[in-house]
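Below are the chains, spelled out letter by letter.
Protein chains: 4
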Amino acid sequence: MALQSLTETVRVQVRFSEVDSIRMVWHGNYVTYMEDAREAFGRKFGLEYMHIFESGYLAPMFDMQLRYKQMATVDDILLVTITYRPARGSKLIFDYEIRRESDNALILTATTTQLFTTRAGEFEPSCPSFFEEWKRENNVLAI
Amino acid sequence: MALQSLTETVRVQVRFSEVDSIRMVWHGNYVTYMEDAREAFGRKFGLEYMHIFESGYLAPMFDMQLRYKQMATVDDILLVTITYRPARGSKLIFDYEIRRESDNALILTATTTQLFTTRAGEFEPSCPSFFEEWKRENNVLAI
Amino acid sequence: MALQSLTETVRVQVRFSEVDSIRMVWHGNYVTYMEDAREAFGRKFGLEYMHIFESGYLAPMFDMQLRYKQMATVDDILLVTITYRPARGSKLIFDYEIRRESDNALILTATTTQLFTTRAGEFEPSCPSFFEEWKRENNVLAI
Amino acid sequence: MALQSLTETVRVQVRFSEVDSIRMVWHGNYVTYMEDAREAFGRKFGLEYMHIFESGYLAPMFDMQLRYKQMATVDDILLVTITYRPARGSKLIFDYEIRRESDNALILTATTTQLFTTRAGEFEPSCPSFFEEWKRENNVLAI
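Residue numbers (the numbering used here), protein chains in the order written: chain A, 67 to 209; chain B, 67 to 209; chain C, 67 to 209; chain D, 67 to 209.
Please keep in mind that the hints were generated in silico from the structure rather than gathered at the bench.
Do not take every clue at face value.
Below, computed lysine to aspartate or glutamate pairings styled on EDC-like, alpha-carbon distance capped at 16 Å [said to hold, decoys possible]:
#1 A:K135 - D:E188
#2 A:K135 - A:E188
#3 D:K135 - A:E188
#4 A:K135 - A:E163
If we strip away everything but chain A, and leave its shape as in the complex, we get:
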C-alpha cells in the first residue's frame, strides 16, 4: 500500500518590512514563510510544536537547504506548500515549494531536517514513541 502524502499549503502576503533595498524579499525571510507552513502542517496533522513539547521533546532544526529560483517582491502573494517526507528513525523531514499566486512562478524549493531532543537538549537517537504513533496513524511509516 502506498504511503499517504501529507501536505499543506499556506498563503503568505509579503510584508513591506520583508523586502530589501531592491524591493525583493530578503532571502532570510523565506525561512519564516517555511515555518508558517510547518506550523500550519502541525495544526492540520496533529504535530504542533506544543504537542511535541508536551510529549517531552523538542525538534530543533538540524539541516536546512534552500534553493532560490526567482525573486519575489512586495505585495506578491506566495503559496507555500510543505510536504512530509517519510524517513526512518528520529528525524522529521519536510520539503517545501514556494510559488507566486499570480503566475504560479516557482520562487523557492527547500528541505528541512529536524532531530528530536529531550527538553534538556539531549539528542534522542531512537524514534520517540509519540512520533512512531503519529507515523502509524498517518500512514507514513517508512520501511
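Keeping the supplied structure of chain A fixed, place chains B, C and D upon it in accordance with the hints.
Just chains B, C and D, lined up with the frame of chain A:
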C-alpha cells in the same frame, strides 16, 4: 543630594536586512536597537532580564513612544544612548537617544515604560523589593 | 456632514518566531502587525506605498505611540483594526486597536503619525496635492 | 602558487528578541548573522553590496545550506567566520562557521552561493569583469 544619572551607550551597525526598499532603516528596527541598549544597561548596572526573572518578576513593555528625527541608512553606525529615568513605584522608565556616529545627527528619541508582573503575568502594583533595593544601591530613589 | 470613518481590519496569526522566551509576542512585533494593517488600509482605500511613491513622495514614520494592554501568545489570532484620523496639513495619522480573536481581549492600542517628504527626503510642509485629492474623494477633509 | 585564503570574523551578541520560547536562538536568525559576516567581508576586501551594485550587478542568493551543530542561547557571544571559496565563473561562494566565544563550541556550519544578475534581474552567465578583476587582485582566481 542629586540623583545619579545612570546611562549606557551601545554602538549598532545597521544591517543590510534592516533597511527597507528606499535603503533607509525600517522604522520598526529601532525598537530592536533600543532593546540592545536596554540589555547593555542591564549588564552594566545589574538589572538584566534574568536577574528580574530570578527575582520572580517579568518586566513587560507597557508604553513605548518613538519620535523619528532623521532617517538612517545601511552602513550607518548608530550610537544608542539609554538613560534611566527615576520614577516612583512599580515602573521602569528609560529615555533613548539615537545618533549617527559619523556626523552626530540625531536620528530618534524615545521613551519606554515597563511594568512589573509576577511570572504568571499578574500586575504587581507595589514596587518589588529587589527593584527597591536596586534603586537604593544605585542612588536613583525618586522622592 | 460628518466625516466618513475609514477603517480596515486584518487578521494576523502570531508566528512561532514572533514570541519571546516567555512565549509571549515580542513587543517589537506589534509594529509589524500595525504595518500589515496600514498596507491593507492602503490597498482598500487607494493609499498604497507605491501610489504615494509614484506621486513623488515618501511617507516616513514621524511619531509612534504604543500602549500595551495585555500579552498575546503563540497561536493567538489577532485582529488589527486601523482607523484613519482626519488631520489638516501634510500628516498621515492612524489609530490602531489590536484584539485577540478568541475572547476579544484588548491587546494593544497605538497611534502613528507619518509626514510627507520628497523622494530625496526633504520634508514637505504643505499637503501634497495627491493627498489633498485623496482626502476629498474619501470625505475625510478635516476642517 | 597557492590561492590566498580570504577570511573574516565578526562578533555577534545574541539579542533577546532573537531567542525563541525555549531561550535558544531561533534557527532563522543565523541567516542574519551570516549576512553580518558577509558584509564585514565585503568591507574588508572591497566587495561591498554597493560596489557590486555600482558595477551594474546584483548578487542574489541562489543556494543556502545550513547545518546546525548545537544551540546557542541569549547572551551568548558568537564568532561568525566567513571564508571565500574560490570558484570559476559567475558565482560567489562562501563558507561559514559559527562558534560560541566562551567555550569555542561549534554552533553552525553553512555555505551560501550567490549568482550575479543585472540590476534588472537577468542572470549573468559569464563572470562580470569587476568580479574577475577582484579575484585577480585578491589572488583567488580558481583554475
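Would you check the hint for A:K135 and D:E188, treating anything up to 16 Å between C-alpha atoms as holding?
-> holds, 12 Å
Given pair status - A:E188, D:K135, alpha carbons within 16 Å = Roughly 12 Å separates the two Cα atoms, so the pair holds.
Pairwise hint evaluation, A:E188 against A:K135, where the allowed Cα distance is 16 Å at most | This hinted pair is violated, its Cα atoms lying about 36 Å apart.
Proposed proximity, A:E163 with A:K135 (alpha carbon, max 16 Å) = This hinted pair holds, its Cα atoms lying about 10 Å apart.
Checked against the numbered hints above, the structure breaks only hint 2 and satisfies the rest.
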